[in-house]
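There are 2 protein chains.
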Amino acid sequence: MKAIMIIGDGMADRPLRELGGKTPLEVAKKPSLNLVAETGVCGIMDPIAPGVPPGSDTAHLALLGYDVFKVYAGRGAFEALGSGVDIQLGDVAFRCNFATVDDNYTVVDRRAGRIDTQDASQLASDLKKVSLKGARVMFRNTVQHRAILALRGAGLSARVSDSDPQKVGKRVSEVYPLDDTDEAKKTARIVKELLQRFHEILESHPVNEERKKKGLPPANIILCRGAGTLPQLPTLPHQYGIQAAAINAVPLVGGVCKAAGMSLLNVHGATGTYDTDVKAKANAAIQAVKSYDLVLVHVKATDIASHDGKVQKKIGMIERIDEMVGHIVKNVDMNETFVAVTADHTTSLLTGEHEGDPVPVAITGPGVRTDDIREFSERACARGGLGRIRGVDLMPTLMNLLGKVKKFGA
Amino acid sequence: MKAIMIIGDGMADRPLRELGGKTPLEVAKKPSLNLVAETGVCGIMDPIAPGVPPGSDTAHLALLGYDVFKVYAGRGAFEALGSGVDIQLGDVAFRCNFATVDDNYTVVDRRAGRIDTQDASQLASDLKKVSLKGARVMFRNTVQHRAILALRGAGLSARVSDSDPQKVGKRVSEVYPLDDTDEAKKTARIVKELLQRFHEILESHPVNEERKKKGLPPANIILCRGAGTLPQLPTLPHQYGIQAAAINAVPLVGGVCKAAGMSLLNVHGATGTYDTDVKAKANAAIQAVKSYDLVLVHVKATDIASHDGKVQKKIGMIERIDEMVGHIVKNVDMNETFVAVTADHTTSLLTGEHEGDPVPVAITGPGVRTDDIREFSERACARGGLGRIRGVDLMPTLMNLLGKVKKFGA
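Protein sequence lines correspond, in order, to chains X and V. According to the working numbering, the first sequence holds residues 706 to 1115 in order. According to the working numbering, the second sequence holds residues 706 to 1115 in order.
Just to be clear, a hint being listed does not mean it is correct.
Which copy is meant is left open, because identical chains are indistinguishable; a pair holds if it fits in one copy or across any two.
Below 25 Å or equal to it, Euclidean Cα-Cα: the simulated SDA-like pairs (lysine to any residue) are [unchecked claim]:
| id | residue 1 | residue 2 |
| --- | --- | --- |
| 1 | K1112 | R1093 |
| 2 | K919 | G946 |
| 3 | K1112 | P1071 |
| 4 | K1112 | G1014 |
| 5 | K890 | A859 |
Since the hints were made in silico from the structure, they are not lab data. The structure presented is a predicted model; accordingly, all values stated were derived computationally and were not measured.
Isolated chain X (complex conformation) (with noise of 0.2 Å):
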């Protein structure tokens, strides 16, 4: 027995006026996705907990079955770790953007004009250079303006504040410790010191220089945030005896994997954004599933949709999605397969974030209590024979499916 699990990245919504009071989910053609909720058992989800609007990190690790409140400890680590920086426990990380600053260290452009990511790889090969008493220092850029910082030595801590402002107008902020400790407190200082030789590097560097003959913002400044540390998390593989898989272009989601034991496969044309191959996804995860016991399938752009405030988008997405599920389930042996279906948080067209609502799901497979539901969408699945589960909940119910979860007791 196999089990594909397909994330929708904040695919369910509230009701919509210009939708006639429905949702997405609820306009979109999905016969796919109706047939998975028609010939299985549906249910609605609170990722974390009800009301509580969960992260892309948190979500997904909760859906793969971990108590966040006990584990999480930043998003940085994810990031970095799905960035493919060799991320170790201990191991201190921020996701980074290369940023462009006034004189007075007022944030002009928190993206450095969507630098392109060969101008960004010269200057990250200079910052790569610097050495720091107290932390060996790890820096990579990824795509365009992204990169991660990693600190790596004794007596580091996560609890250290973002230098990152979040909005352009402002100063770059002061990293400071979040609590008493010599840890953050060195931790602070060090970034602090780091980001300052960062800062002096990038003003004199002839990638900039170059930049500002052509007219673009230099990338002068490295603001970080999300100070984060590997939490030591019993993989899935050691919890359950099985191989598992993830397809999915997103580095932060992929660092969530990849802390849980999971493969990350690369497929080509999987993008993170609206033009990502579906059908090459499907394809992907056709052939994973017949070697790994898990292959988790996640489309980040219903998210983007939603934080766009892109009604049609969204829809669309939905029905590529749709059509990403048709072609698993016609293509993978559904007598040893489950598939499930869900979403890993809410996020509104409205306003444009994430929200704490419930997301639908449904499992279909060999052997599941069916319920009368023919509809996956938000208000139909309410009404299925899972009832309100909790996304932790949701990978021993998979796994119980598979036979995969120790009897407790005797």
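Place chain V on chain X using the hints.
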């Protein structure tokens, strides 16, 4: 106000192809169970947590309102308590089998040819005389090959492994400590020495000489498993100010009930197998509820049928539980009595194992918030007014109806 809780062991199941996609509960004729559903409030219940397959001991602990993640410390002590061994806090108890090994300590028969109780008693009377330095030894045979070993003394621990390899053809396992404490090491040493002494006594015992002459396998070894200590439970009488009794023929379940402060009522004809006298159990419940506030009635054989893969036997046992329920509701004052019906876990006829799927639950009695469910089954109850609850919620729910739960707050 009184309450009767009726538990069909492993009664819940998954839809089966050979039953046209229905579960045994769905196809069984069960007018009385349906009446409880129709006149009551229904729901589904995760005995422990979604996806977690419960044991009989943990499931019953949960149904009696205990948080098993906090209190559970192994099977042995409950088995001992339910077998009439006077177990105390701190004692380490094991479930044992009289078994047959060859000269190489390879298990030939895990039950010594299902040795009769008389032979086992004679053997046990000599094993009881063994004394050891470091702990007081208590040994008692129960029915056929079954026996209990308990150790009493300072500095003992239940963190030791089983000697029972649980399979014919395997060698007897060495007992080793499961953690690094002196207590575990000491206990393992004592058990090893004790089992060796038992083996020596049994090897040369006249009862076994006689058995060999008759061509019966000699009961020449004691296999032990499931080391456990008694958790310090707040009893039901203490928590709720009630008197409670259990009607049940399974020592493990009886032990849990006794640990919860319930009286164990012996019912002539209650066997724990297919031939149990459900009418006698019903009559005992009808009598008991006159003097006790809460009476638990447990029927085992639905679980046995599931483990054995016997579909029709399971359906038949459900119909006999239905008879029992019918006799009870007709003969108690339903203006004064709540009747709850449920299962302690799902046991799948297909896998033959306890599964982590939820179980149906229905509660009828004066003033319950009835819903529109008219059938007692896994899927019908999923749409009921109780929603999806946990096993640990059932006892407070019942005790609340009896007016026995203290207000929390002012």
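Going through the hints against the structure:
no. : hint             : result
1   : K1112 with R1093 : both (23 Å within a copy, 21 Å between copies)
2   : K919 with G946   : neither (56 Å within a copy, 47 Å between copies)
3   : K1112 with P1071 : within (21 Å within a copy, 37 Å between copies)
4   : K1112 with G1014 : between (46 Å within a copy, 19 Å between copies)
5   : K890 with A859   : within (13 Å within a copy, 35 Å between copies)
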